[in-house]
Structure formats: C-alpha cells, structure tokens
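K.L.:
Start from the sequences and build out the full structure, keeping to the hints where you can.
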Amino acid sequence: MTTETPARGERTARFDPGSYERKWQDRWEADGLYRANDDDPKPKRYVLTMYPYPSGDLHIGHWYAATAPDIVARMHRMRGDNVMFPMGFDSFGIPAENAAIARNIHPAIWTNANIERMRTQFRTIGAMFDWEREVVTSDPLYYRWTQWLFVQFYKAGLAYRAMGAVDWCPKDKVVLAREQVVGVERRCWRCDTPVEKRDLEQWWFRTTKYADEMLDFSGIDWPEPIKLMQTNWIGRSEGAEIDFAVEEATAEPIRVFTTRPDTIFGATFMVLAPEHSLVERLTTDDRRTDVAAYVANARRQTEIDRLNTEREKTGTFIGAYAINPMTDERIPIWIADYVLPGYGTGAIMAVPAHDERDYAFARRFELPIRHVVAPRDGEPQPDAAYVSHTDDEVLIDSGSFSGMAADEGGLAITARLAELGRGETAVTYRIRDWLVSRQRYWGAPVPIVYCAEHGAQPVPEDQLPVLLPEDVDFAPTGVSPLQSHEAFLAATCPVCGGPARRETDTLDTFVDSSWYFLRYVSPRDAEQAWDPEALARWLPVNLYTGGAEHAVMHLLYSRFFVKALRDMGHLSFDEPFEKLRNQGQILGADHQRMSKSRGNVQNPDDLTARYGSDAVRLFLMFIGPWDQGGPWNSSGIEGVHRFLGRVWGVAQPAALRGTAEIPGAPEELVRALHRATHTTIAGVTQDYEAFHFNTAIAKLMELTNAIVRARESGLSPTDAYAEAVDTLLLLLAPAAPHISEELWQRRGRPYSVHQQAWPVADPVLAAADVIELPVQVDGKLREKLVVTPDTPADEIERMALASEHVQRYLAGRTPRRVIQIPGKLVNIVTPRD
RNA sequence: GCCGGAGUGGCGGAAUGGCAGACGCGUCGGUCUCAAACACCGAUGAGUGCAAGCUCGUGUGGGUUCGACUCCCACCUCCGGCACCA
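Each residue of the first sequence is one higher than the one before, counting from 4 in our numbering.
One or more of the hints may lead you astray.
When the alpha-carbon atoms are kept at most 20 Å apart in a straight line, the in silico EDC-like pairs for lysine to aspartate or glutamate are as follows [claimed, not checked]:
no., residue 1, residue 2
1, 47, 536
2, 45, 133
3, 176, 195
It should be emphasised that the hints constitute simulated quantities derived from the structure, not laboratory data.
Since we're looking at a predicted model, the values are computed, not measured.
P.N.:
Structure, rendered in structure tokens:
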C-alpha cells in the first residue's frame, strides 16, 4: 500500500514501507547493530521477554509481547546503556511429542522446523534481539546443564524422590505439578482435561524450603497482583499445633494445627482426614465396618467431588474419644473428607460455633455448639448460631482466659499449652514441593540411575548429558517410550560399577525455563552452565516482561532456583528479575482467546505485508494500555498507517520539496513549534518508561500534526522545523524502527538512528508563553482568561471578576471566596443562600 | 465465599482532586477525480436554541470538598486468581 504525499514543486519519494523495511533488517543484522558485548564499558541493562514455545507460527500475541520491551530496550540504548535483549526457545514439551504421535514425525524434527520458521518470522518484527545469544532448551548443549543443575539440587538435598498422591492428566498421560492444575475443576493447564489423583513415586524440588523468603518482595519492582497471587499461593498461616490426648492411654496424642487457638474452649469434637495414620489404630471394633467403608469411599472420590464446597458434609464417628487439654472434656473423634491429609497435620479440633465448616458438620451430625468468643459489645448469640469473626471480640466461657481480647487470648492459651508440653506456636504453608518428573519422552532425562545395591545415584557430572535416544517408538502406550528402549535403560552404577537401570522420567519444561535467563550470558559455553564473570556482569535481569498467567509457575520457580543456587554458592544475588511488567492478552475479534480451534487467530504476516512492520507495531501499542490487552480489531490500523504517511511527508528534505524562501517566519509560530517539540520529548520519555505506549504514540501524533501545520505556515526552512522533525524521528525510532532509520538516512543524518543520543527536553523551550485559565463560578466553567504564566494572583482575580460572564452569574453578589490554583484555574464561590 | 483488576461518546481509549472525552477509529459533510479508491479539509457526548448560550452527562445510591471520572461508605455488573487450607 503506497501513499502519494502532497508535494510542492518536485516529486517526493513515495511512502512504501515494503521498499525499505527488509533492507534495514538485513543491514542491522549484517552490522551486528544489536549485539550486546560483555566488554562494553557503558552501564549494562538486561531486558528480557519470556521466550516462546515453538508451536509453529508467530501470532499477533508474540508481536504484542515483543514490541513493548523492544521499545524500552531501544530507548535505554539511545540513552547510553549497553543493552542485552536476547531471545530463545522453550523447545521441550508435550506438543512436539503429540505431533510425533499424530504425524509420525520425530519431535526434534518438528521442533527444529518450527524454530526455523519462527526465527524468520521474528525478524520481521524488527526487534533488537541479539540472536547470537539464542538458547534452545532441547539442544543437548543446553539440557546438559539442566541435568547438571538437577544433580546440584540432588546433592544439596533440594531434589528428592518420594511417593505422593499426585495429579495425573489422563489425556497427556503425565503427572503435573500442583501449580499446573487450574481452577476448581482441577484441569490440566495445558490441555484443559480434568486431572486424576494417583499414588506414584516421583521426583520433587523442595520449593517449600524457600516459602518464607519468597514472601519477601522487598527490593523488587513487580506488579501488585502478581505479588499477591504468589503470596496467596504460598499461603502462610500462623497459629498453633496442639496435642489432644486420646482417651485410650496407650495411643499417641493427636496433633492438630489451628489458626484459632483462642477458640479451644469451644472445641467439641475432633476430625481426622480419612487418610490419617491414626485412624486404623483408634477405630473401635463396633465402628470398624462403617469407618472402613467411609475411608474406601473417600479414596475413590475424585478430587473435584471432594473439594466441592457446595456438597453436604459427610463423615463418620470412629468410636474413640480425645481429651480437650484446656477443659479436660471428653470429645468424640470423627473422620471426614473435608479435612485434607496434606495440609497442617491432617487433623483438626472442631469449633463449630466459630468455623463455618465445623458448624455445618455439627448441625448435620447433631454435635454440640459452644460459643467462646463474642463481639465486645455484641448481643448474646443463641447457642445454635455460627458467629463470624470480627476485629473486636473477647473470650467468654474460657476459664481464666475469659474477658481477654481474642488475639491476646490465643497467645496466652498457646503459652499455657506450651508450659503443659501440649502445644506450641506453628506456621503452615499451602505451597507444596514442586513435582518435576514427567512420564514423557521430549524433555531432559532425569540424570539418575538405579543400582540394585546402591539405590538411586546421580549420573556423574562428566557423563552428562544423558542424551535422549533418537530411535524410539512413539506409539501412545501410556508410558514413556524410553521405558522400552533397552540401550537407554542399561547403565552402570557410579558407586560399584555394577549394572544399573536408568531413570526414564524427564524433567518438567518449567525446570528448563527456571534458569534460561542465566544461560543467555554465555549460551555456547561447553564447560559450564554459565560463565561466572559474565553472570556477575549481566544479572539480575533489569526488566522482565511476559504474561501474568505465569504468576505461580515460571515466576515462582525462577525465584526458587535463584535462591537455591545462591545458597549453593553458584551465584550471589537474591532475585532473578528486578522489575517485572505484564502484558495483557490480545483476544480474538470475538473477545475469546485466540486459538486455532476457534478460528479467530489473527495472522500478522498479512498485515505486515500490507502496512509494514512499523504500522503493526505501532497499532498494537496504540490499542490501549499494554498491561490490559483487549479484543483485536484491525480497522484502527489505518489510523497509524496514515500517521506514518504524514511523518513521511513532513520529514522529506526541504530541498526535495523545492520550498520557496519564506522571509522571516513569525516568531510566535517558531516558539510554538519549539514548545511542541520539547513538551513531546518530556512526555514521550516519561510514557515509554512507564509502559504507557498508547499515550506516547498519541503525543507523537500530536507533534506530527503540529509539524504539518508549521509546514503549511511556511516554517519548513527554519531550524526549528528541522529540529522538530529530527526529534520526531528519534522519539519514534524505538516504536517504529524502520521508517525512522529510512527517513534519518534520507535527511542525510549519520547511520544509525538507533545509535543516536536520546533527545533531552529544554524546560525553557517547553514552557508556555501564555496559558488559558478556566474561571469557574461555584465550580461551573463560565469564562476563560488568557494570561502570561507570571501574571500575579490579584491581577488574575481582578480580571476574573471583571469578566462579563462572571458578572452575570454573580448577579450583584459579593463573592464569598476566590480560589486560585496557580496555572490551573480560578473558582469564584458565591455566598450561600 | 475470599483476594485482585475494571466499568467514561457508536468503538479503542485520555484525564488520579482543578476546562471530562486528548489521540485514533467510525460516521456525516466537503475538496480532488469522468468515476471510484487513496489522500486532504471540516463537523461529530446527549438534549435544547436562529444564535451567544443553557441544561444534563464518567455503572448505581449516598458522603467529603469551593471543586469528584479521580477520595470515603454501601451496592450492581464484567474479567482474572484462589477456594472445605482448619
């Protein structure tokens, strides 16, 4: 699409992005313009966007995600930083394997072909990626170090193998980490299939060790919602663990966790999870049949059913009694599936008067309900009621603790229990350890061998990588194809040299992505995971961008990795990403997530071919706030295309237009152009920094419109005009790198526009000569005064009161007050009636 | 249920205590053209008026303030996250 720009005199070049965009992409690449050098003395800045999964084709979302950090990276580079902005591929994972099964292509071939295609497509964005640093996680050069890291974690006791009730995706036939199971419906994060529970022996990373430290976000600039999501996910609860003796003297006490030790006088029964280890021993003979039936049934329940809060409470009495350590009262012990085996101690003291779930259970099974806290000045509650928690409540009917404030009483009760040796303060977390093993082929093999005599042994570091064999059968059998590969299975025990069997599980791809940002500093180092000097120079990442959907997966795991590696002595910083910004999602025109099955995917290639990369970049950034995303509607791209056409028009060298000499351009017009130029510098700089790309582009449009008007007034031969145009190109360069480079060159400026210094606003030139001051009467706009900014307040007041319009609304009354906000407005307040 | 985010013209959005609707899309009118497309110029929140203007207007209802899209209280709707977590 080309546009004839209006020309005075001689012909000007046509605006045709197709004629120059590719040329500049090739030139930048040939010149290594965006290579980040380790020995550059300028201050370093590491800008990173989450690397993609090589699914096949670049879509509009990739453009959206890449353009914003590219703008910021480019601006920082122009401001004098040594910027590293690398890109790579998260290339292990199940889709490649599914493609292999469906189409009989080896995952490596499928993956590499996709990477090849996406690399080419990525180039059309015109981003300043340093491709020399590319990482590909399925490359043995990379996964060798993923395996090496696993071995380090194993040796440090942070990787372990254990039996667990794990989440299993029946479609992908693979276990999932707790973080990868989404929503109430408990669905697989990747394929949306409801997961099942299975008891399996698996490999785990001890993320819980860093639960507390990961609650601390001081020193990192992250969006509040992400910090909150991580905080909630980690789910720290403070309270007490309390031992309840069992009536049968030989049995060990039941330990419960509670956040409300203040309510212990109201504990009228106990509930154990059906899976609790004491159930078998405590159940009396007469209750054994019922209890066994209940336990069996609970085991058969899907987790969805079990976690359904709407469902009526179920449970059964096991025949045994415990002793409330504060009241010495004999209370019955029940089992119920609303108590979860994996949280706290898997047992609770039930306080039905002050806990909704216990209340529902007590009502159902006619158990006693006793109030032990009450609002300080509240009405007495009927016995059968549930009393919700309030800020100001006191203990009642709680022995010597009665009358104490609830929180204070909780501490006092816990202290008393500690004296008695019956309890202590305790903290529990909801976060679980990270399940990292996967029963699939296309991942980094877990570098472990099993020896009949010496058990699980890590593969010695000099034998890494454990390579994936290529000649495997991908028939969907439900087990990893590695399990039937005899040559792969056969291994040697590193301790005794005897025969051993190789682990056939591979690592979760989130293990790969938990450290890729470290590998970019020395991506081809064959001797080590990273060059420590280069790491010290570049890390931590100064700016990280990506989707908020990774809040409790990738972003949490990466923090865990860095903290663990720090404690192992491999690096010396605490957080991977100093500043994080999330992009919103670009939805289809139907307001749904773009997906091939919905057929609402917008292909950027057609748009790029029609309007050019710059227009697509600008349009995506102009839609609205970047963190908001929104439905796709391509009709607006015409607007940015027209804008670029105007930029093209005003930036043509004056000689080309054959403009006649304008004698003495009016000085106020020149000042107005200066003012527009310098206010735009300040505004755009601020907006880019704040990720307000939509308003930055609006300001660039305004400056362009001002330049168009200036040209029409005959200002094009002036220095102010040349400065305005040059400034426009410099400010536009990060967002629309191709047209800026092309016009910069056509104006005879030195290559490259992307290596020029960022313009600096002159506050004197930016200052307004006159301001328009709104005058309100009782808060309603009635007049506008045009004054110089230094007009004294009393003069402004006199002018305002003298105004005919103001006089009309005053109607002879004397103003009660005159409020002046300097430079902003005048408000005249009339007397009240 | 709990925790976040959001609600402004026909549409995307701007304004974080001070002129609501910047910038753009769309629409209408015009210029250019044999005609169209492109481009350019003008208008464009609603109501009312010949007009200057006036009245209303930022999800709803209250409040604070000289002044509220912006702050406070109560609610409604949509989006996201978490959810028998004791």
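K.L.:
So, for every hint listed, does it hold in this structure?
P.N.:
Hint check:
no.: 1; hint: 47 - 536; result: holds (13 Å)
no.: 2; hint: 45 - 133; result: holds (17 Å)
no.: 3; hint: 176 - 195; result: holds (13 Å)
In terms of the numbered hints stated before, the structure departs from none.
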